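Engineer: Fit chain H to the known structure of chain B by using the hints.
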Amino acid sequence: MQIYKSGVVTDGVKHSMNPFCEIAVEEAVKLKEKKLIKEVVAVSCGPQQAQETIRTALAMGADRGIHVEVTGKDYEHLGPLQVSKIFAALAKKEEAQLVILGKQAIDDDCNQTGQMTAALLDWPQGTFASEVTLEGDKIKVVREIDGGLETIKINTPAVVTADLRLNTPRYATLPNIMKAKKKKIANMKPADLGVDVAPRLEVLKVEEPPQREAGVKVETVEDLVARLKDTGRI
Amino acid sequence: MALRNAAFRLLANSQKCATALTPRAQGTVSAQHKDAEEVSKPSSKPSKVTFDWRDALNLEGQLTEEEVMIRDSFRDYCQEKLMPRILMANRHEHFHREIVSEMGELGVLGPTIKGYGCAGTSYVAYGLIAREVERVDSGYRSVMSVQSSLVMHPINAYGTEAQKEKYLPRLARGEILGCFGLTEPNHGSDPSSMETKAKYNSSSGTFSISGAKTWITNSPVADIAVVWAKCEDSKVRGFILERGMKGLSTPKIEGKFSLRASVTGMILMDEVEVPQENLLPNVSGLAGPFGCLNNARYGIAWGALGAAEFCFHAARQYTLDRIQFGVPLARNQLMQKKMADMLTEITIGLQSCLALGRLIDEKKAAPEMISMLKRNSCGKALDIARQARDMLGGNGIADEYHIIRHVMNLEAVNTYEGTHDIHALILGRAITGLQSFTVGK
Numbered sequence: 001m002q003i004y005k006s007g008v009v010t011d012g013v014k015h016s017m018n019p020f021c022e023i024a025v026e027e028a029v030k031l032k033e034k035k036l037i038k039e040v041v042a043v044s045c046g047p048q049q050a051q052e053t054i055r056t057a058l059a060m061g062a063d064r065g066i067h068v069e070v071t072g073k074d075y076e077h078l079g080p081l082q083v084s085k086i087f088a089a090l091a092k093k094e095e096a097q098l099v100i101l102g103k104q105a106i107d108d109d110c111n112q113t114g115q116m117t118a119a120l121l122d123w124p125q126g127t128f129a130s131e132v133t134l135e136g137d138k139i140k141v142v143r144e145i146d147g148g149l150e151t152i153k154i155n156t157p158a159v160v161t162a163d164l165r166l167n168t169p170r171y172a173t174l175p176n177i178m179k180a181k182k183k184k185i186a187n188m189k190p191a192d193l194g195v196d197v198a199p200r201l202e203v204l205k206v207e208e209p210p211q212r213e214a215g216v217k218v219e220t221v222e223d224l225v226a227r228l229k230d231t232g233r234i
Numbered sequence: 001m002a003l004r005n006a007a008f009r010l011l012a013n014s015q016k017c018a019t020a021l022t023p024r025a026q027g028t029v030s031a032q033h034k035d036a037e038e039v040s041k042p043s044s045k046p047s048k049v050t051f052d053w054r055d056a057l058n059l060e061g062q063l064t065e066e067e068v069m070i071r072d073s074f075r076d077y078c079q080e081k082l083m084p085r086i087l088m089a090n091r092h093e094h095f096h097r098e099i100v101s102e103m104g105e106l107g108v109l110g111p112t113i114k115g116y117g118c119a120g121t122s123y124v125a126y127g128l129i130a131r132e133v134e135r136v137d138s139g140y141r142s143v144m145s146v147q148s149s150l151v152m153h154p155i156n157a158y159g160t161e162a163q164k165e166k167y168l169p170r171l172a173r174g175e176i177l178g179c180f181g182l183t184e185p186n187h188g189s190d191p192s193s194m195e196t197k198a199k200y201n202s203s204s205g206t207f208s209i210s211g212a213k214t215w216i217t218n219s220p221v222a223d224i225a226v227v228w229a230k231c232e233d234s235k236v237r238g239f240i241l242e243r244g245m246k247g248l249s250t251p252k253i254e255g256k257f258s259l260r261a262s263v264t265g266m267i268l269m270d271e272v273e274v275p276q277e278n279l280l281p282n283v284s285g286l287a288g289p290f291g292c293l294n295n296a297r298y299g300i301a302w303g304a305l306g307a308a309e310f311c312f313h314a315a316r317q318y319t320l321d322r323i324q325f326g327v328p329l330a331r332n333q334l335m336q337k338k339m340a341d342m343l344t345e346i347t348i349g350l351q352s353c354l355a356l357g358r359l360i361d362e363k364k365a366a367p368e369m370i371s372m373l374k375r376n377s378c379g380k381a382l383d384i385a386r387q388a389r390d391m392l393g394g395n396g397i398a399d400e401y402h403i404i405r406h407v408m409n410l411e412a413v414n415t416y417e418g419t420h421d422i423h424a425l426i427l428g429r430a431i432t433g434l435q436s437f438t439v440g441k
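Listed in order, the protein sequences are those of chains B and H. Be aware that the first sequence starts at 1, since it is given in the numbering used here, and climbs by one per residue. Be aware that the second sequence starts at 1, since it is given in the numbering used here, and climbs by one per residue.
Note that these hints are calculated values from the structure, not bench results. Treat the hints with care, as some may be off.
Calculated cross-link-like contacts (lysine to any residue; reagent style SDA-like; alpha-carbon spacing at most 20 Å) [unchecked claim]: (1) B:K179 with H:L63; (2) B:K14 with H:D55; (3) B:K181 with H:V68.
Every value quoted in this text rests on a predicted model; they were computed, and no experiment measured them.
One chain only, chain B, in its complex shape (with noise of 0.2 Å):
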């Protein structure tokens, strides 16, 4: 992979569906097993190859998958606002009763996109999810927040977030896989949801971390604490 001053090349690099997200595909399938929910929909933003990770939602147990496209500078500079909207617009457009995704990319680690879609839809939102449990017309969500577990009880239609206990996502299975070929990706773009993708950040400059140096070893106590308070540290 190449780093440039403005962003990271992702030329050739293998894309998948982010750990989380997984997570969360895995919990929507599994309601779906339990016959509390009727249809699980795979949405993904993104140029031609997201619909490989569509996929692979499909083969986890999705019904159907919608690829929004977006392509070029476009997706370089999509963020949680843009995709956040389309989120809303499409739940709104399929009638949704739940909208699950997972807490955070593990690429860009903003944690945004579940708490601005439901802040878009004036949905409630159960985030950090290591529990979920359909109760009526409510959904009981535990949650990992710093201090321990939060336990939640929010209306539906909502939106959670999966945190990373909620479940252990499965393997899709070789005849799953096969009928996943079957199952329908439909295609559409922002524009088509009314949605406007253009970026509210401007990106400065992106740099790898600097090196590692060496340390420096010093002889005694007081040269240590007047070091310490040369470089800043105290």
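Structural biologist: Showing chain H alone in chain B's frame:
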């Protein structure tokens, strides 16, 4: 990160997403420096083709999306669920019967069979599956090959509808485990002179089978056995024997130094009464067992290269990490030459296996093609494993580094399903028209 499985997946996934992470995670200083130096701007020209030692002739680009997904999903299972078990399984010669059920759940048993709870996928996919499982261990792949090609395949190809309904779904799920009885203590390369006999008893409508089979993968714990015996008309036929039949015993073979993670034994038959409906009616003569063996040999051709790939990658990493005389071992010409040879043979081998798989899927393959590739893959893989063992020096004999286990396993893999030399005779006959199996003619 607390949960082992998901955390492992996350790490593995981030390595898939961004190859730059790999050198850092494995601590190779040299590779890290190289990445930092490549600060170049993106150009509008078509992207430059770079050589990838992991996939030198772009096998990936020749696979369908479905084949890639099948391989990736199964590779994850093998690395996350099989790799952690293999060290102790091999050291203590313990067979994890559960893996058969796990593989059954994933739908990878009998994958090319259509119907009866099987996936019905391509032979190329079967090959990719075999390669991933043998990357972990040849013993595990042997178990899978036996179940898929040597038990499910004969029932599917030569059995009655009733037999297929009765056995195939349960074999596919890994609910029951099968074994294949052809080889005898006195007849290995020479199955046509087998001594196991099947006598038909018309009053009871049963066959009485007596004889001994040896080197049978799975037999000590198998639920059924597909046994080949000579009938009174001197023709070899296949019979399905079930555990519990009187006169049938399956002692374990002790003292094996190869394929220790799978269990091997004998099938001893002392006038075992086998009902008529357990005869496989749609084949007679050696074409039966050979059809099965060719099916398995194809998978082995792919599989052996998976083991070779593991040894190659492991030796590469070790020689990059180990510093002697102030430089990594990989800096040395002798090491690089060995790796160049490994890379070449593996790459060429995989391309040939892909070509063969496509031919089989088009029903345009002949048995000699399979012989040629089984022989090539096994011979080259054994050599690669031995070279890799050598590159690791003293550490190369420790099972923690895994390579010695592959060396031991590949000795058996090179020998079973037709020895290296026997396949040479099959090819020699095809080349010259003259058979050289027997003397005198």
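Engineer: Take the hints in turn and mark each one as holding or not.
Structural biologist: Each hint tested on the structure:
1. B:K179 with H:L63: Roughly 18 Å separates the two Cα atoms, so the pair holds.
2. B:K14 with H:D55: 13 Å, holds
3. B:K181 with H:V68: 13 Å, holds
Consistency note: the structure conflicts with none of the earlier hints.
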